[in-house]
Amino acid sequence: MDPIYHPSQIQEKTRYLEHNNRLDDLGYQNFLKPLIDYVCLHTGQNEIGLDFGCGTVPIASHLLQKKGYQMWSYDPYFFPETKALEQRYDFLVASEVIEHFRKPRDEFFRMKSLLKEKAQLFFMTSLFEEGMDFQKWYYKDDQTHLFFYEKRAFDWICDYFQFSSVEVNGKLIRFVLDP
483 MDPIYHPSQI QEKTRYLEHN NRLDDLGYQN FLKPLIDYVC LHTGQNEIGL
533 DFGCGTVPIA SHLLQKKGYQ MWSYDPYFFP ETKALEQRYD FLVASEVIEH
583 FRKPRDEFFR MKSLLKEKAQ LFFMTSLFEE GMDFQKWYYK DDQTHLFFYE
633 KRAFDWICDY FQFSSVEVNG KLIRFVLDP
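Using the working numbering, the first residue of the sequence shown is number 483, and each one after it goes up by one.
Honestly, the hints are just simulated from the structure, not real lab data. Treat the hints with care, as some may be off.
[As the list claims (entries may be wrong)] Keeping only pairs whose Cα atoms sit at most 20 Å apart, straight-line, the calculated SDA-like set for lysine to any residue is:
#1 K633 / G613
#2 K622 / K598
#3 K585 / D624
#4 K585 / K618
#5 K515 / K549
#6 K594 / D557
#7 K600 / F590
#8 K585 / G613
#9 K495 / L596
#10 K618 / F630
#11 K549 / K585
#12 K633 / K600
#13 K598 / E494
#14 K585 / K548
#15 K594 / A635
#16 K653 / L523
#17 K600 / D572
#18 K633 / S647
#19 K495 / N512
#20 K633 / H582
#21 K549 / N512
#22 K633 / P661
#23 K653 / K600
#24 K585 / Y498
#25 K594 / F643
#26 K585 / L523
#27 K653 / T607
#28 K515 / D641
#29 K565 / L596
#30 K548 / D519
#31 K594 / Q644
#32 K585 / I492
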């Protein structure tokens, strides 16, 4: 999307504050469950992770901590603690975050820089698929969704950012960094 159409940072934060994410919200926990299960399937509990773009409440961090993981949280608006960006992680998890990137290239470089030499990125987002009518696609209607992905975009990202592999499983995406 052309940057002239991007919401201001104040508009963006205001939109995020409309989200009603609470630790006790079972509906949101169930929404995150596929991503949490996906992380658990591909990582060990002794690994350290970052909930990147966690929003107002770091629910993914909380759910993974309940499963024994050591987690950090970062969000530019709600958890801007830069100490979280000074470490390296075994994995990053980001639920419905990558579509908000104003500069996806810069953000992917930043996320990769936060990874240990052997690590993984886990994302959950809605993909635009061939044959879909973009005008009827609900996901484009959120003014803070600035960038949309097709499956083939992740193959390009994998090559460009030199990940070892990428796996797309519906809304779940996993990049592996294994030199």
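Here is what the structure says about each hint:
no. : hint        : in the structure
1   : K633 / G613 : 13 Å, holds
2   : K622 / K598 : 33 Å, violated
3   : K585 / D624 : 17 Å, holds
4   : K585 / K618 : 25 Å, violated
5   : K515 / K549 : 12 Å, holds
6   : K594 / D557 : 16 Å, holds
7   : K600 / F590 : 16 Å, holds
8   : K585 / G613 : 27 Å, violated
9   : K495 / L596 : 24 Å, violated
10  : K618 / F630 : 14 Å, holds
11  : K549 / K585 : 33 Å, violated
12  : K633 / K600 : 24 Å, violated
13  : K598 / E494 : 31 Å, violated
14  : K585 / K548 : 33 Å, violated
15  : K594 / A635 : 17 Å, holds
16  : K653 / L523 : 16 Å, holds
17  : K600 / D572 : 7 Å, holds
18  : K633 / S647 : 13 Å, holds
19  : K495 / N512 : 24 Å, violated
20  : K633 / H582 : 17 Å, holds
21  : K549 / N512 : 15 Å, holds
22  : K633 / P661 : 23 Å, violated
23  : K653 / K600 : 23 Å, violated
24  : K585 / Y498 : 18 Å, holds
25  : K594 / F643 : 8 Å, holds
26  : K585 / L523 : 30 Å, violated
27  : K653 / T607 : 5 Å, holds
28  : K515 / D641 : 29 Å, violated
29  : K565 / L596 : 12 Å, holds
30  : K548 / D519 : 12 Å, holds
31  : K594 / Q644 : 10 Å, holds
32  : K585 / I492 : 17 Å, holds
Taken one by one, the earlier hints fail for this structure at numbers 2, 4, 8, 9, 11, 12, 13, 14, 19, 22, 23, 26, 28, listed in ascending order.
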